[in-house]
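Same order as they appear, the protein sequences are chains X and Y. Number 205 in numbering that gives the first Met the number 0 belongs to position 206 of the first sequence; there are no gaps in the numbering. Number 369 in numbering that gives the first Met the number 0 belongs to position 370 of the second sequence; there are no gaps in the numbering.
Please note that a few of the clues may not be correct.
[Unchecked claim] The list that follows gives simulated cross-link-like pairs (lysine to aspartate or glutamate, DMTMM-like), each with its CA atoms no further than 25 Å apart:
{"#": "1", "chain 1": "Y", "residue 1": "Lys258", "chain 2": "Y", "residue 2": "Glu326"}
{"#": "2", "chain 1": "Y", "residue 1": "Lys359", "chain 2": "Y", "residue 2": "Glu428"}
{"#": "3", "chain 1": "Y", "residue 1": "Lys355", "chain 2": "X", "residue 2": "Asp53"}
{"#": "4", "chain 1": "Y", "residue 1": "Lys359", "chain 2": "X", "residue 2": "Glu105"}
{"#": "5", "chain 1": "Y", "residue 1": "Lys160", "chain 2": "Y", "residue 2": "Asp73"}
{"#": "6", "chain 1": "X", "residue 1": "Lys91", "chain 2": "X", "residue 2": "Asp53"}
{"#": "7", "chain 1": "Y", "residue 1": "Lys355", "chain 2": "X", "residue 2": "Asp124"}
{"#": "8", "chain 1": "Y", "residue 1": "Lys359", "chain 2": "X", "residue 2": "Asp53"}
{"#": "9", "chain 1": "Y", "residue 1": "Lys359", "chain 2": "X", "residue 2": "Asp95"}
{"#": "10", "chain 1": "X", "residue 1": "Lys165", "chain 2": "Y", "residue 2": "Glu280"}
{"#": "11", "chain 1": "X", "residue 1": "Lys91", "chain 2": "Y", "residue 2": "Glu326"}
{"#": "12", "chain 1": "Y", "residue 1": "Lys258", "chain 2": "X", "residue 2": "Asp95"}
{"#": "13", "chain 1": "Y", "residue 1": "Lys355", "chain 2": "X", "residue 2": "Glu105"}
{"#": "14", "chain 1": "X", "residue 1": "Lys91", "chain 2": "Y", "residue 2": "Asp73"}
Hint data in this document are derived by calculation from the structure and do not stem from the laboratory.
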Amino acid sequence: MFQPPNLIDLRGRISAIERNTLKSGRRARGGLRAEDIGAAGLKRALSFGPEAVDTRFGLGGLAFGAHQAAAGPGDRTAVAVFAVLLLARLFKAWPDRSALLVQEAETLQEDGALYGPGLHALGLDPGRLALVSARDGAEALRIVDEATRSGAVCAVVGDLRRGARKLDLALTQRLNVHAQQTSTLTLLLTPDLDGTSAAMSRWRVATAPSRAPRRYLGGPTLDLELVRNRLGRPGRWTLEWSSEDEAFRLATPLRPPVVLTPVHQSDAPFAAFPGDRAPGAGGEAEGRVAAHGGR
Amino acid sequence: MLAEKQKGALRLTAVDRTAEREGLGAGMTLADARARTPGLRMVEADPAADLALLERLAEACRRYTPALALHAPDGIDLNLTGCADLFGGEAALLAEIAARFAFNLRLAVADTPGLAYATARFGRGGVVPIGVRAEALADLPIAALRIEADSVEVLRHLGLKRIGQIQDIPRAALGRRLGEAALHRLDEAMGLRAGPLDLKLEAPRFMAQRRMFEPIADETQVLQVTADLAADLVTALDTRGMGGRRFRLDLFRVDGAVKRLGVATGAPLSDARRIAALFAERLAGLNEGLEADFGFDQLRLTAEVADALRPEAADLLDVGDLAGGTEALADLADRLAARTGARIVRLAPGDAHRPKRACKAVALGAPVDWSAEAPARFESAPLRPLRLFTPPQRIDVPMAEAPEGPPRRFTWRRVVRTVVRAEGPERIEPEWALDDADASVRDYYRLEDETGRRYWVFRQHRYDASPAARPGKPPLDKDAPPEPPPTPTWRLHGLFG
Chain X
0 MFQPPNLIDL
10 RGRISAIERN
20 TLKSGRRARG
30 GLRAEDIGAA
40 GLKRALSFGP
50 EAVDTRFGLG
60 GLAFGAHQAA
70 AGPGDRTAVA
80 VFAVLLLARL
90 FKAWPDRSAL
100 LVQEAETLQE
110 DGALYGPGLH
120 ALGLDPGRLA
130 LVSARDGAEA
140 LRIVDEATRS
150 GAVCAVVGDL
160 RRGARKLDLA
170 LTQRLNVHAQ
180 QTSTLTLLLT
190 PDLDGTSAAM
200 SRWRVATAPS
210 RAPRRYLGGP
220 TLDLELVRNR
230 LGRPGRWTLE
240 WSSEDEAFRL
250 ATPLRPPVVL
260 TPVHQSDAPF
270 AAFPGDRAPG
280 AGGEAEGRVA
290 AHGGR
Chain Y
0 MLAEKQKGAL
10 RLTAVDRTAE
20 REGLGAGMTL
30 ADARARTPGL
40 RMVEADPAAD
50 LALLERLAEA
60 CRRYTPALAL
70 HAPDGIDLNL
80 TGCADLFGGE
90 AALLAEIAAR
100 FAFNLRLAVA
110 DTPGLAYATA
120 RFGRGGVVPI
130 GVRAEALADL
140 PIAALRIEAD
150 SVEVLRHLGL
160 KRIGQIQDIP
170 RAALGRRLGE
180 AALHRLDEAM
190 GLRAGPLDLK
200 LEAPRFMAQR
210 RMFEPIADET
220 QVLQVTADLA
230 ADLVTALDTR
240 GMGGRRFRLD
250 LFRVDGAVKR
260 LGVATGAPLS
270 DARRIAALFA
280 ERLAGLNEGL
290 EADFGFDQLR
300 LTAEVADALR
310 PEAADLLDVG
320 DLAGGTEALA
330 DLADRLAART
340 GARIVRLAPG
350 DAHRPKRACK
360 AVALGAPVDW
370 SAEAPARFES
380 APLRPLRLFT
390 PPQRIDVPMA
400 EAPEGPPRRF
410 TWRRVVRTVV
420 RAEGPERIEP
430 EWALDDADAS
440 VRDYYRLEDE
450 TGRRYWVFRQ
460 HRYDASPAAR
470 PGKPPLDKDA
480 PPEPPPTPTW
490 RLHGLFG
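Here chain X stands alone, though its shape is the one from the complex (with noise of 0.2 Å):
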């Protein structure tokens, strides 16, 4: 078990993260340096898959042994669907550990219950994903934490609602001690960023329109919008998932502007759509003009 001098070392370690980051408005924006990312115990990530988004950390993604906030303001469906993507990526990439994701038990009506097939259509093998209700946010919140000491679990997805309005500094600093002893990647899906927190990213997710040409869907796309970010700028992408590469890529941009033309004739139910253009138009743009947020 986890040694008492280690400990102080570690809160030591961190605390001096922490005077970089939080007190320091300059150094935060500019990043931590090399040695600093090394000494928070941060040593693996989560890569996205577009180099635009990785660089942004230092590390290469996002980072296990911290613990990371992504809110979908009036819409809980989009930052599902950016969990359980880089659950996809995460499985991926350690092909035999296994993830928690914990709900409040009051949500499921209205949210709807998350669904093996649909989460199997998304790359993801739902064996690997195990579930839990909590009754209320509260106990959500404690389930997460516990899970994250665990260290059972290489990720802990926790869909808060209620239990969002229980966060504070305090509560989300000790979860990224938690999360750093067992270098497991922590996720907490709330329904807004007030509040404080001591989050190493924060997200704002929304889906975006589909890139497919012509009236399909294609892979889903989801507009981010990383607010906070410990370790490095933040940023601005739509990204769109790729079934075959179990990746983000950079979405084509939109031609701006976007008129959803009324259909009035029968006959052609789905004309002038945003992605409604020949393949190929547009792709030398991939990788700078989607990129359109960083600082």
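Given the coordinates of chain X, work out where chain Y should sit on it, guided by the hints.
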């Protein structure tokens, strides 16, 4: 005194000592009793509460022996085989029982349950020495044999009132008069025949207990003793190659109350440290606390359900699921279940293609195999939603807009969604022989609105061409008119993102 309605009249069922001195007794009608002794205080009998109290007393008696049986309405059999010496002998044990409980108890210890019953109720009680069964029984009334009242009456008419008087009668003659059952009772009391002790709960196979000289009230002490007990229990389990699935910790309080805690595990467990940790979690999760009061003087840990441990070789096989973290996850699941009651599940493929049945939640230990299922994808787009609503949610589709094909806009949760992309229809037929309420053909569409949100909706068709074809079948949608023209019913079944 207590009274109850019996045979059409209120009769006394129990009286206190004062009433007894007045000449009242059970079986007397209330009217008689009132006439004889004015000013009686009568309470209506509550047999259910009596039984509950008896059961609680029985639970408290488990401190003396794990094997006991109820003799409703007012007796408890304790099987003291091998137990009495722990308390300094049978007489000392009786004294201890009498001192502990605030009841007027009649106690007896004897070689056989029948003899103990007879001695406690009809004799002087106390310890019947070994080997004097016939003598001990001889003076007791025949009713002490627990034979039917009719038989007692028959014997009384013959002038036979004491057991001693019938012991020497030839069995054949006695059997003709009384029937087999009465003979059995006599044999049981005499120990000629093993009477079944109607055990309330069988003695558990795996059990460990400690009696403390000084009662303990402190939680850490309780946990320390629990850890010791767990070590003992695991030793017992190990010799049989078993692991416990359900554990129970009985904490016997000095005043006779019993606190009972249970934990269950997903897989057979024979690890003392983990068992103790589960009870530590369980204690931490108690709202009311330990309720130790003056402390506990005895703790007992029981493996209520035990299973054979899976051989270690199972680890060598390619189980395929959750390899690596299996044990840690099972451990976590047990701890969560002990503390919060939350259950960890996994999603397994269902046994039918009907959407609702295509997925089911199974316990963590159950095998889950999705490898046989092809990922439901069309190009990169999933064919099945991430979240499923049960039941499907009502949406409003403007009727004129979608006679065939996907809807172009619909209202869900009071927001109008404009559909810009659609895939479908995918027709899903009902499975015959499944519940009839679901027997409709559904055309599923995958829709995307202008913000990129994706929905899984279906239009429902009934099998019946005309309502008359299936009489008595209510329309699925109460709001829809039962007669033609048939309005297609639209529902939202899930969300992709």
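Kindly indicate which numbered hints from before are broken by the structure, ordering the numbers from low to high.
Those not satisfied are hints 1, 3, 8, 12, 14.
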